[in-house]
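Colleague: Here is what each chain is made of, one letter per residue.
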Amino acid sequence: ATELTMYYPIAVGGPLTDVIDGMIEGFESENPDVKVNAIYAGNYDDTRLRAVSALKSGDPAQLSVMFSIDVYDLIEQDLIVPFDDVVKTAEDKEWLNSFYPALMANGEVDGKTWGIPFQRSTIVMYYNKDMFREAGLDPEHAPATWEELVSAGKALSKDGKWGLMVPSTGYPYWMFQCFAIQNGKELMSKDGTETYFDDPAVIEALEFWRGLATKEQIMPEGTIEWGTLRQAFVQGQTAMMWHSTGNLSAVKREAKFDFGVAMLPKHKQPGSPTGGGNFYLFKNSTDAQKEASLALIKYMTAPERAAEWSIATGYVGVTPDAYETDALKSYAAEFPQAVVARDQLEVAIPEFSTYDTARVREGLNNAIQAALTGEKSPKEALEGAQAEANRLLRAFH
Amino acid sequence: MNDMARLQKQRLALYGWMLAAPALALMSLFAFYPAIATFWHSLFTRGTTRRPSVFAGFENYQDLFADPTFATVVWNNLIYAGVTIPVSIIFALIMALWANAHIPARSFVRSAYFTPTILPMIAAANLWLFFYTPDLGVIDQITGFFGASPTNWLGQPDTALASVIVVTIWKEAGFFMIFYLAALQTIPPDLREAARIEGAGRWTYTRRVLLPLLMPTTIFVFVNAMINSVKLIDHLFILTKGGPNNASKLILYWIWEMAFAYFDSPHAAAMTILVLLALGLVAVAQFRLVEKRTHYR
Amino acid sequence: MNTAFASHHAKRALPDFDKVLDALGAWVLAIVWISPLLFATWAALQPSGTALGLDFSNPLTFENFTYVWNAVPWIGYFTNTVILVTLILAGQLVLCTLAGFAFARFEFRGRDTIFILVLLQLFILPEVLIVENYAIVSKLGLFDTALGIGLPYMASAFGIFLLRQAFKSVPVELEEAARIEGCSWMGVLWKVYVPAAKPVYLAYALVSIATHWNNFLWPLIVTNSPDTRPLTVGLSLFGAPETGVDISVISAATIMTIAPLLIAFLIFQRQFIQAFLRAGIR
Amino acid sequence: MTAQTPFIQIRSVSRVFNGGNGVHDLSIDIPRGSFVVLLGPSGCGKSTTLRLIAGLETADHGTIAIDGKDVTNVPPSKRGLSMVFQSYALFPHLSVAENIIFGLKVRKTGKDEIKSRLTEALNVTGLEGYEDRKPAELSGGQRQRVALARAIVAGHPLCLMDEPLSNLDAKLRHSVRKDIRDLQQRLGITVVYVTHDQTEAMSMADIVILMKDGRIEQAGNPADLYLQPATAFAAGFVGSPPMALLPASALPDAVIPPKTDAGRLTFGIRPEDLVLSTDTSTKAWGISATVTGSEFLGAETFVYVAIPGTSGATARLPGQVHIAPGTQVSLSWAGAAAHWFGEDGQRLAPTATREAAREPNTSFETDTAIPSL
Amino acid sequence: MTAQTPFIQIRSVSRVFNGGNGVHDLSIDIPRGSFVVLLGPSGCGKSTTLRLIAGLETADHGTIAIDGKDVTNVPPSKRGLSMVFQSYALFPHLSVAENIIFGLKVRKTGKDEIKSRLTEALNVTGLEGYEDRKPAELSGGQRQRVALARAIVAGHPLCLMDEPLSNLDAKLRHSVRKDIRDLQQRLGITVVYVTHDQTEAMSMADIVILMKDGRIEQAGNPADLYLQPATAFAAGFVGSPPMALLPASALPDAVIPPKTDAGRLTFGIRPEDLVLSTDTSTKAWGISATVTGSEFLGAETFVYVAIPGTSGATARLPGQVHIAPGTQVSLSWAGAAAHWFGEDGQRLAPTATREAAREPNTSFETDTAIPSL
Ligand SMILES: Nc1ncnc2c1ncn2[C@@H]1O[C@H](COP(=O)(O)OP(=O)(O)OP(=O)(O)O)[C@@H](O)[C@H]1O
Ligand SMILES: Nc1ncnc2c1ncn2[C@@H]1O[C@H](COP(=O)(O)OP(=O)(O)OP(=O)(O)O)[C@@H](O)[C@H]1O
Ligand SMILES: [Mg+2]
Ligand SMILES: [Mg+2]
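Residue numbers (our numbering), protein chains in the order written: chain A, -11 to 385; chain B, 49 to 345; chain C, 8 to 289; chain D, 3 to 375; chain E, 3 to 375.
Derived from the structure by calculation, the hints contain no laboratory data.
The reader is advised that the hints may include incorrect statements.
[What the hints assert, rightly or not] Here are the simulated DSSO-like cross-link-like pairs (lysine-lysine), alpha carbons at most 27 Å apart as the crow flies:
1. D:Lys136 x C:Lys175
2. E:Lys136 x C:Lys175
3. C:Lys175 x E:Lys107
4. A:Lys149 x A:Lys240
5. A:Lys254 x A:Lys146
6. D:Lys214 x E:Lys173
7. A:Lys76 x A:Lys100
[Stated by the list, open to error] Simulated DEER-style distance windows between Cβ atoms:
8. D:Asp215 x E:Pro94: 51 to 57 Å
9. D:Phe19 x E:Glu139: 46 to 52 Å
10. B:Gln110 x A:Asn272: 31 to 37 Å
11. B:Gly328 x E:Asn20: 31 to 37 Å
12. A:Gly362 x C:Ser232: 35 to 41 Å
13. E:Gly142 x D:Asp215: 18 to 24 Å
14. C:Pro178 x B:Leu259: 27 to 33 Å
C-beta atoms are modelled at their ideal positions from N, C-alpha and C, and glycine is treated no differently.
Given these sequences and hints, build the entire structure.
Modeller: Pasting the structure below:
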């Protein structure tokens, strides 16, 4: 029998290990000759650390769910193999094409596919319909452009409540990607060797973000805490928030009011980055293990499982087929907010990721936070980050 | 000297070694050997598929000194240490004095001071995260009650580090209190009476008698606090992740990032070695001081 | 005859102002200090999403506890934690006792140098040596065992230091008396030094238990299965970096992880503190 | 007691602890410039009394006046006194000099004055050259002197001492005893001194206050206590070896005072007043006893005898005396040497005759080197 | 010394510490069943000697034999002895009973035997009823008894004691002294006892070994030491108040022994042998001196006198003596009471006459109650 060790993180609150265990059981009963050790390994950082420790000290592990954006580093560290090497049959190749392209984008480097989407999110706008009504706004029409966003925000900001909150700790670059893409510019090249932080459109995007607090005063100043934002929203502290779709289930559970979910407003164009975790295959495994791993991944991303996972977590279903399942269909019917993320995938871009990604990202994060806290002007901050990124990426051209 | 006596001495030495050996072996295995390996590691470049690792001498160290983040992080850590160490020691001392005094509900007070010690840092940080939430958080609700405007404690460069520091002090003070409490019990009560008769008030007694007598404890606590000021970063993962814009990033967090997020273990190793060196130096100075100051015991 | 006295009944001073202030200060500080825990208790009893309002008119609910209780095999994790903590403590006590005894009472060449090395270990942060330590544990074949989690912590410099101090403060006469009565070296250690250092053991045990009860990352990394994982892993499921945590749920989970320890502490508070006091750690 | 107002007046002071122990309704007058010793067994309330005077304890009832001023509720530092503790209570982190001038510094005395007073205190206590040592680097006797120096440096007219010699060895104790007494007389200060050692009390005191169970048993000068103990307790407590206390019923009728009931009387005799005779026929009367042992101390020998119906007695004989255990002896004494106590332990008057025999005398001659055989 | 082989034989034993202190070339024979006291000032090597016998120190040179067996390199537990420490060294975590039977248990003695021995030891030391207390719950005297019980329970023929009474107060010390001596005699064991208190040594010992600077100064029975001190050091050390040692040059020529050089002689006189006279004309000779003070101790009074050219002397007078400081007196003594020491501190023979006067005597009569006026 083939034995597989798989690490996975849980990055949204709750007892989701049970769900995973259930899937694994299902897989094992369908493939009795494969034994899977699915190991919960904390959050994304813990999981990466766990995988690195294990691989570096020669412990066998065949696959893992890790950050989709770690792909360049994992390649650089020579830890993973592309799926193209494992996928043999036409059917399998077909399977590779069955995912939403926006979700596949992060896993494709140098023309090869290194990651298969599993727990993927995107950013959507949650809004408090009650507060919209109170402010005399149409609760069924969420702001669709930056202008509408600002004017609605102004109408909603009163009595110590805010119109909008966009979190800027934890994953500032992610939120910033929204503004940048909406303003018509992606932050990095497809091959992950270039960044465009000092592009005027990008600088303008950051100026707009900062302006929401300083000029328009529809958002509090300083950075906004990622971790507590949902609580602020469900307690009516802000009328709108931009946040991961991963929050959907929690907001649904917690909000005591009527809330809506909308695509992010557009400016020059609509758009939002994807996020979350992909499946990776580790290098030092036998062919049989690789095959079994592939089978496992296929099982885990099959429409039924994708639907189940999506309902349980709020993550997007990774294939269009998932949305054709009865489970997700009926869920969407009763809770239409659930399909907004999918709809947005049409205009989604890959999450920010380059070579030496953590460091480049860190530079960007710092620049964004420096601008939002007023330490630097957006231009100054982003130019600094760009210079840093150039330095780091020079080696990879 | 008598042969048998010499033989006996040798046998005792052997016993000594045998007794210490298991602990030393484990220590070597899990501290000394890894530390040396770390040092060795720090002399090589980061290996990637494109560029295999090569010997680089002290280049990694030079890189660090050239990196402005290094300066920021060191500076942050100095502030962090510079505030948490004395403040938690002072709190610990005050707590100990109170917990040792004859006040009503003394066991409640002692338990209250000590409780943070047994809370997992991660859990504690999660609680504090919500304390710090602007507007909604407990702190802002309280300050708001007195008419202050809401503050984005964790989101501003000038309050983020301070907020982290507060949590650290809260977590540590009760632990150190225990040591002071123990030390206070060993001070004979008649010293206080003698001082009273000599006309010393409470403050004079504290300053001129109590504090000098507690010096050995203070040094012990100081060393612990110093180690913690480098070691205690769990809450950063939850509270600020070192932000905004590195405003609250501490050395160990940065090492952690380098090693496990940037995949840059050589630089992380170099940084680790620097930290070890610095701590070692301070420690040696401390122990010197201990020997001097505790001479009268 | 006694001109100096106005009356035989002296006027008694008011309750000491200083003392009142002391008590007030101590209480205020105490309340501030446990306020996070009080808040957590409050939050855990609130329905999700309303905890931050501090709206005291809300009805209290145990749904968070039910939810958290059903989410994780707490009993198993609890057992694992107890086993782990006990194992570490036992190992520490044995190793530190032997080493502390050696450093306190035996003369051997290089003793002081080695002792300084031991103290240096205080500064070697296990957090950054995780990869190396993982490799060692894995090579020793102790992966995913309680022993594997515990081993790196067993030779505790802190423990050796404390016990050495404790042993040094035992009067030599006690040892000599025991030797005259026929005790061997081990007998002396076991019958004289260990009992004499009992408060130190208690105090050290308290610190050790509190530390390892709460350790998360290392156990997470060197374990694979729920059969060995400790309570904190259960707790970690409710921390959610990607979406932000639910304060009510995490509070409930926190309270459940620390409850056994906290209750034990509250019950044995007096003894614990007394233990510390008698330990006379300096 | 004395004609002038007493320096310290303690009036009906009580201080009762939870257990019911403490001191009860105590009244003491202490004349200025006197050396007063509080004597008594452990737990009798000596320290409590001293601490009441010092202000370290507050009286539950009653008043305390020092130098005519009611200090009952005055804090210790304002009472103008100093104190020497049994443990010396030296500050271990301060040098000898710093210890001595601690109080002066606290009271912000001028630098020059501190210096001159320190020099004097060092001089008086013979501590010159030790200024810079820490207490841990001193011997017991030296520490004791530092405590003394600290007590006298401020020049307070009253000094309280709580068993200041009990941590010294016998030899040292003897010499420091003298030093303290000399110092007190030279400085003319009032000293209240606590001890449970009757030898110390006898040799140092102007007035001994013997306490028991929180009350005063007898107060007076040492000779009074020794020669005319007011109670059986005082008789047994003062003197070493102690006075033998025998039930009168064990004595021959001849010696029982007339008009008393032997069944209720207690007879006391000091060891040096006991006459031992192996020739039981020479005296008209005598108590027969058996020697149980003897102890040779150089200048004298203690002989222990068992007397049927009693707990025994000790005789103190000069020089070396060899007497085998088991020897039958007859005990007798000069009539004036006998002490009689009633059922309540109170002394029975009159016993004045013997006291007269011991009147002070400055012309005399003695040679005890050869025991009278 | 005795005809039979000594129980303990110490032959030329040295143990020198780094500082050069310790004991040097010590040879001692201790007869079986005797009570031997090692006496001497602090630091003279008493404890070291005891610890050498116990095996807690190892000799650098020389041999030690106990009961005819060479034990020089035998560990303490195999020497068949027990020891009482100054601090008692009771195990604080064990109850009285457990403390006592500690050694028996370690040696795996049978349960029943342990029980019976414990009962006996408790009985002998009067500790019945205290079996279950912890040492901390006992008074000093009781602790001392526990230490004693632990030492005797094993029935070893040799018991070593290092200042076992120095933590007790004066009164208790006196009674325990007797108990220990009685116990030793009852059990017939050999005791080596360390003390720096000469009173203790005098009253307890069969043989006193007086040490100084790691060497033996004088060994003999107590009377020898008191009456015929071999050296000036021994003369000054034994006796309280100590013998006055005066340079012969301060004495009138009449009293200087013939054919000696007064400039090199030291004269010694015991306090009880000094005769004080205020009438300076009655005697043919006398040293004039000034009274500096006196101390009344109940049964006797010490009078301190200053003698020009000397460090002064003490006279011991029975009863209470009032004599004002400053009084001029004349000092004299019975010729046989004088002790003479040469320049090297050694006693000068002959002094036999006076010794004869103190020969043991079992028939006597004494009455010192009234001082000779
Ligand atoms: N703070 C206190 N609390 C309770 N009881 C006390 C306190 N201080 C003294 N006592 C009790 O009061 C009585 C008298 O105590 P005190 O210390 O005055 O005795 P003492 O004569 O000095 O004895 P010793 O010679 O042992 O020092 C004792 O029975 C003691 O137990
Ligand atoms: N372990 C040691 N190391 C160095 N010197 C020592 C040691 N033990 C004793 N000495 C020295 O040897 C000398 C004799 O010591 P010992 O303890 O035998 O004296 P002692 O007569 O028992 O004195 P005391 O009456 O103070 O107990 C002293 O000068 C002491 O300082
Ligand atoms: Mg007292
Ligand atoms: Mg000694």
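Colleague: Could you run down the list of hints and mark each one as holding or not?
Modeller: These are the hints, each one checked on the structure:
1. D:Lys136 x C:Lys175: holds, 22 Å
2. E:Lys136 x C:Lys175: The given pair, whose Cα atoms are some 22 Å apart, holds under the 27 Å limit.
3. C:Lys175 x E:Lys107: holds, 26 Å
4. A:Lys149 x A:Lys240: Status holds; Cα separation ~21 Å.
5. A:Lys254 x A:Lys146: Between A:Lys254 and A:Lys146 the Cα gap is close to 25 Å, so the pair holds against 27 Å.
6. D:Lys214 x E:Lys173: holds, 17 Å
7. A:Lys76 x A:Lys100: Measuring from Cα to Cα gives roughly 14 Å; hence the hint holds.
8. D:Asp215 x E:Pro94: 51 to 57 Å: At 31 Å between Cβs, range violated.
9. D:Phe19 x E:Glu139: 46 to 52 Å: violated, 20 Å
10. B:Gln110 x A:Asn272: 31 to 37 Å: holds, 34 Å
11. B:Gly328 x E:Asn20: 31 to 37 Å: Once the Cβ atoms are compared, 33 Å apart, the range 31 to 37 Å for E:Asn20 and B:Gly328 holds.
12. A:Gly362 x C:Ser232: 35 to 41 Å: violated, 49 Å
13. E:Gly142 x D:Asp215: 18 to 24 Å: holds, 21 Å
14. C:Pro178 x B:Leu259: 27 to 33 Å: Holds, since C:Pro178 and B:Leu259 (Cβ atoms, about 29 Å apart) stay within the stated range.
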